[in-house]
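Based on the sequences and whatever the hints tell you, model everything.
Chains as they are written, first to last, in full-length UniProt numbering: chain R, 1 to 280; chain F, 1 to 280; chain W, 1 to 280; chain L, 1 to 280.
FYI, nobody ran anything at the bench for these hints, they're computed from the structure. Some clues are possibly wrong.
[To be verified] Here are the simulated lysine-lysine pairs, DSSO-like style, with alpha carbons at most 27 Å apart:
#, chain 1, residue 1, chain 2, residue 2
1, W, Lys59, W, Lys44
2, R, Lys5, F, Lys111
3, W, Lys5, L, Lys179
4, F, Lys5, R, Lys179
5, F, Lys179, R, Lys186
6, W, Lys214, W, Lys44
7, W, Lys5, L, Lys186
8, L, Lys186, L, Lys163
9, F, Lys10, R, Lys179
10, W, Lys179, L, Lys163
11, R, Lys193, R, Lys179
12, W, Lys59, L, Lys179
13, L, Lys44, L, Lys186
14, R, Lys111, F, Lys111
15, W, Lys163, W, Lys179
16, R, Lys10, F, Lys179
17, F, Lys193, F, Lys214
18, R, Lys59, F, Lys10
19, R, Lys5, R, Lys59
20, F, Lys10, W, Lys10
21, L, Lys44, L, Lys59
22, L, Lys59, W, Lys111
23, W, Lys179, L, Lys5
24, R, Lys5, F, Lys186
25, L, Lys179, W, Lys10
26, L, Lys163, L, Lys193
27, F, Lys111, F, Lys214
28, R, Lys44, R, Lys59
29, L, Lys59, L, Lys214
30, L, Lys111, W, Lys59
31, L, Lys10, R, Lys10
32, R, Lys111, F, Lys59
33, L, Lys214, L, Lys229
34, L, Lys59, W, Lys10
35, L, Lys111, W, Lys111
Protein chains: 4
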Amino acid sequence: MANSKYEYVKGFEQNDTLLPQTWIVIRVDGRAFTRFSQVHGFEKPNDMQALLLMNECAKAVLEDISDVVFCYGVSDEYSFVLRRTCTLYQRRASKLISLVVSLFSASYAMKWTQFFPETELQYAATFDGRAVCYPSESILRDYLSWRQVDCHINNQYNTCFWKLVGSGMSTAEAQNTLKGTTADVKNNLLFEKFNINYNNIPPIFRKGSIVYRKQMDEVVKVEKGEVIKRLRAHIVVEHEDIIHDGFWTAHSYILAVGSKNKQQQALPRPAKPQLPSSLP
Amino acid sequence: MANSKYEYVKGFEQNDTLLPQTWIVIRVDGRAFTRFSQVHGFEKPNDMQALLLMNECAKAVLEDISDVVFCYGVSDEYSFVLRRTCTLYQRRASKLISLVVSLFSASYAMKWTQFFPETELQYAATFDGRAVCYPSESILRDYLSWRQVDCHINNQYNTCFWKLVGSGMSTAEAQNTLKGTTADVKNNLLFEKFNINYNNIPPIFRKGSIVYRKQMDEVVKVEKGEVIKRLRAHIVVEHEDIIHDGFWTAHSYILAVGSKNKQQQALPRPAKPQLPSSLP
Amino acid sequence: MANSKYEYVKGFEQNDTLLPQTWIVIRVDGRAFTRFSQVHGFEKPNDMQALLLMNECAKAVLEDISDVVFCYGVSDEYSFVLRRTCTLYQRRASKLISLVVSLFSASYAMKWTQFFPETELQYAATFDGRAVCYPSESILRDYLSWRQVDCHINNQYNTCFWKLVGSGMSTAEAQNTLKGTTADVKNNLLFEKFNINYNNIPPIFRKGSIVYRKQMDEVVKVEKGEVIKRLRAHIVVEHEDIIHDGFWTAHSYILAVGSKNKQQQALPRPAKPQLPSSLP
Amino acid sequence: MANSKYEYVKGFEQNDTLLPQTWIVIRVDGRAFTRFSQVHGFEKPNDMQALLLMNECAKAVLEDISDVVFCYGVSDEYSFVLRRTCTLYQRRASKLISLVVSLFSASYAMKWTQFFPETELQYAATFDGRAVCYPSESILRDYLSWRQVDCHINNQYNTCFWKLVGSGMSTAEAQNTLKGTTADVKNNLLFEKFNINYNNIPPIFRKGSIVYRKQMDEVVKVEKGEVIKRLRAHIVVEHEDIIHDGFWTAHSYILAVGSKNKQQQALPRPAKPQLPSSLP
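Structure below.
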């Protein structure tokens, strides 16, 4: 409605549209979470309640934005995969990032009491966000593998570290003990010194969390002894390996996109088909 | 710590650094606030409690980010001015936008009960954000004027509109009555039909809200009859005209930046001075 | 070598890196070529010599930049396809665009006399350039099809238009005659009125020009009656249909890229492989 | 005219508009000029003819683009300053860069024979380009100072280096002799060993070249003994100090821009003035 001689300042806004037809990953990262987790007494190296709260926030994002098809979370970070054909906000990076960050941050504050009924939230947990485009499904999967390998390496190290510290070492001594050790050495240390089989540690710690709309057969009714089923999608939180092909083969619908025709329609400036009839 | 063959995916992240030495404005806008305000029973055309909550969130942002020097809010939007020399997050747009949006959104959820003790928050209020650079103080001031003129025009229209609707008109009739009318006609309508002097409407509705660190003389002590004062900054919320020069002249420290030397130091890649001695 | 207190100004340069692993198309377009072609007496609607000069400039670009794998030219424009794995100039848009434009523009001036020995070059022909990323081979092919359809539609129209004008019509009359006509109507008009079979028009006019490194069997020697051949690449200029699959199936090596491993190596920040051994 | 189902590919083109109201500097740099200068027998450390050719190309750019207000050249590079209010090509970086590079490169090829009548151009000299925005006149001047200090430091070093090599040193010995020496030491070396007063070296080598439209009083006519003059602009090439204020004070019109009103009109989306009459 408003219109004034000052309106020219709108011309300074710059375009930040993300390349069409690429997978968009928006990752949120906790800001200064080392301090936040100390202030709120999070357990080391993993606080189950804090992770469950993160997962709940991710669900809120998935529920709200239909273009989000997959989420992966570890520690104080969460990655959201937006489908390749997404045209929400004309794919403007600032809009997409701020929407995800806003939903995630507000949910964290709102759901805090559910997960920490005895601990008062001292101040707002905040998250920064970024958006990255991946041109193919194969590179997108490498991105997700990167985060899960990261989860594994960090968790293995942190598990050893806090066990050593718990056993009386100083943090400097624990660091020195682990410096340069391979994964096998760390596993042996856990097993021999602390009687811990690393593979028995809860999967949520070892593999992080995935959130997606899982297609499941649902019994609709039983008619004349015949079971009538229907495919239905439910939002689930799981802790699966997403590096190898198994998960993706079993759930190929997650990254599937429609026909090529659909791709074109999904573009900001849709084509007005009019192929010349006499093309050789 | 982690390092894997998948790490190459980091190379897809694109740089979104904002031009150095320009004023950065980050504006957050309520997402689908028409619905949000209906669900939560906000008063029309202005809900005082909702505006006070917005101001409180803006204060949280100003308190947290020292580079924010001025905030202007109207309705469900808030603009944050970051000083020209800001190098926070290397001026990366996505980081700056997400930080402000995260702080604002989380604060809104956390402080809700303070302002709406009787109304349960049904779902998270979310905000999108954008960052715009302005190369000079003069253009930055035009930006702020643009928002305040917008506030004025919208508020005048909405005040008339809801008075007409309150007096029994349908929304369509009210729209028709106001279509194309000048500011004077609207003011007359308010005065003659509803006995309202527009200028007596609370300034927070007519002018929006500004938040900044106000420098004030503070009495430190009285010694031998002499009053010892000190200049101190306090965060204040006011409803002043920011279009004309008056406010800015009285508070010239708000947009002041240090010497040129300081500007250079504030840059991402600081200069290593070594001017050739024999330059003519 | 130089280093001064002024060097901080380098920090204002902004990053314009193109998304990795996408096809880059750089298109150059003649600037004000309507005037340029009039001043230099180009034939209407197509000047064979001018097109051959354009092709020669495209060859110069292909010869110089090994990442250019395919070129398509029509009228005063030329598109250059850079392979998906290209990391030349770290994929900085400004560098890539300026390199192609510089090579093309300088070649045009240098080779002018070869193609127009009797016409003096009155002033420099100039070209603007742009870079666009396409995330998949399929969309890249749609880009090339778009340009070739454009060539066809424009050429058919222009052929009719200039025949009508040549037969005595004013340009306005010719425009009116052609307004809204289908391709069939235009073909009939050419055939019935001017005895021209559109399909007999030289392919360079109807289909534009492609330039690429063609792999050809070459006889190396004949030994004991046996012909020894070797595959060799030669730069060729052709006028083929590039919309249908035929051409691309026959020359699949043009857009082929190496193994996935190679893709990763081609990235700005190459991965340092170190997959954790105990990953489940 | 053309329009097809492939046209959707236009949607992949990304916006690269430069921030309004900032000074734009486009710098072109010779590509692989070490080799180019060897192939064409340029004199070391400075080839006068090559520099004059560069200046002539810069003049061609200044003549063609009215928004270019100042050019500074040294060695194989040239910087072009576009006025702050420039809206050519809607300030799209790729268009502006390619236009300057195209003009410069084509001119270099066309004008070669004028400056090297006896040397055949072996292959096209090519230039890459970049665009950088500077938000204030003061920072723009620092940019130009940076380039001129660079010219000075490089020229002083190169003059010493080639004199030493000319006197029989190997290039490695010359490098070692100069390593870490201050400007004074270099000047002394030139004076004592080679009897060269550095300040007597031609200014074009020491200070580079500037090209601009110089406002000069011109005698229009002499009437009844009175001389009638008029201010006229002529393109000139000079070799002045542009670091200190002197030059800029004497030619303040070069960087001057019109009134504020003009700034607004120069913006991509001009304002439609309609200030509310009753603003308090």
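These are the hints, each one checked on the structure:
no., hint, verdict
1, W:Lys59 / W:Lys44, "holds (24 Å)"
2, R:Lys5 / F:Lys111, "violated (37 Å)"
3, W:Lys5 / L:Lys179, "holds (21 Å)"
4, F:Lys5 / R:Lys179, "holds (21 Å)"
5, F:Lys179 / R:Lys186, "violated (75 Å)"
6, W:Lys214 / W:Lys44, "violated (32 Å)"
7, W:Lys5 / L:Lys186, "holds (21 Å)"
8, L:Lys186 / L:Lys163, "holds (11 Å)"
9, F:Lys10 / R:Lys179, "holds (25 Å)"
10, W:Lys179 / L:Lys163, "violated (72 Å)"
11, R:Lys193 / R:Lys179, "holds (17 Å)"
12, W:Lys59 / L:Lys179, "violated (44 Å)"
13, L:Lys44 / L:Lys186, "holds (17 Å)"
14, R:Lys111 / F:Lys111, "holds (14 Å)"
15, W:Lys163 / W:Lys179, "holds (15 Å)"
16, R:Lys10 / F:Lys179, "holds (25 Å)"
17, F:Lys193 / F:Lys214, "violated (40 Å)"
18, R:Lys59 / F:Lys10, "holds (25 Å)"
19, R:Lys5 / R:Lys59, "violated (45 Å)"
20, F:Lys10 / W:Lys10, "holds (25 Å)"
21, L:Lys44 / L:Lys59, "holds (24 Å)"
22, L:Lys59 / W:Lys111, "holds (23 Å)"
23, W:Lys179 / L:Lys5, "holds (21 Å)"
24, R:Lys5 / F:Lys186, "holds (21 Å)"
25, L:Lys179 / W:Lys10, "holds (25 Å)"
26, L:Lys163 / L:Lys193, "holds (9 Å)"
27, F:Lys111 / F:Lys214, "holds (24 Å)"
28, R:Lys44 / R:Lys59, "holds (24 Å)"
29, L:Lys59 / L:Lys214, "holds (13 Å)"
30, L:Lys111 / W:Lys59, "holds (23 Å)"
31, L:Lys10 / R:Lys10, "holds (25 Å)"
32, R:Lys111 / F:Lys59, "holds (23 Å)"
33, L:Lys214 / L:Lys229, "holds (15 Å)"
34, L:Lys59 / W:Lys10, "holds (25 Å)"
35, L:Lys111 / W:Lys111, "holds (14 Å)"
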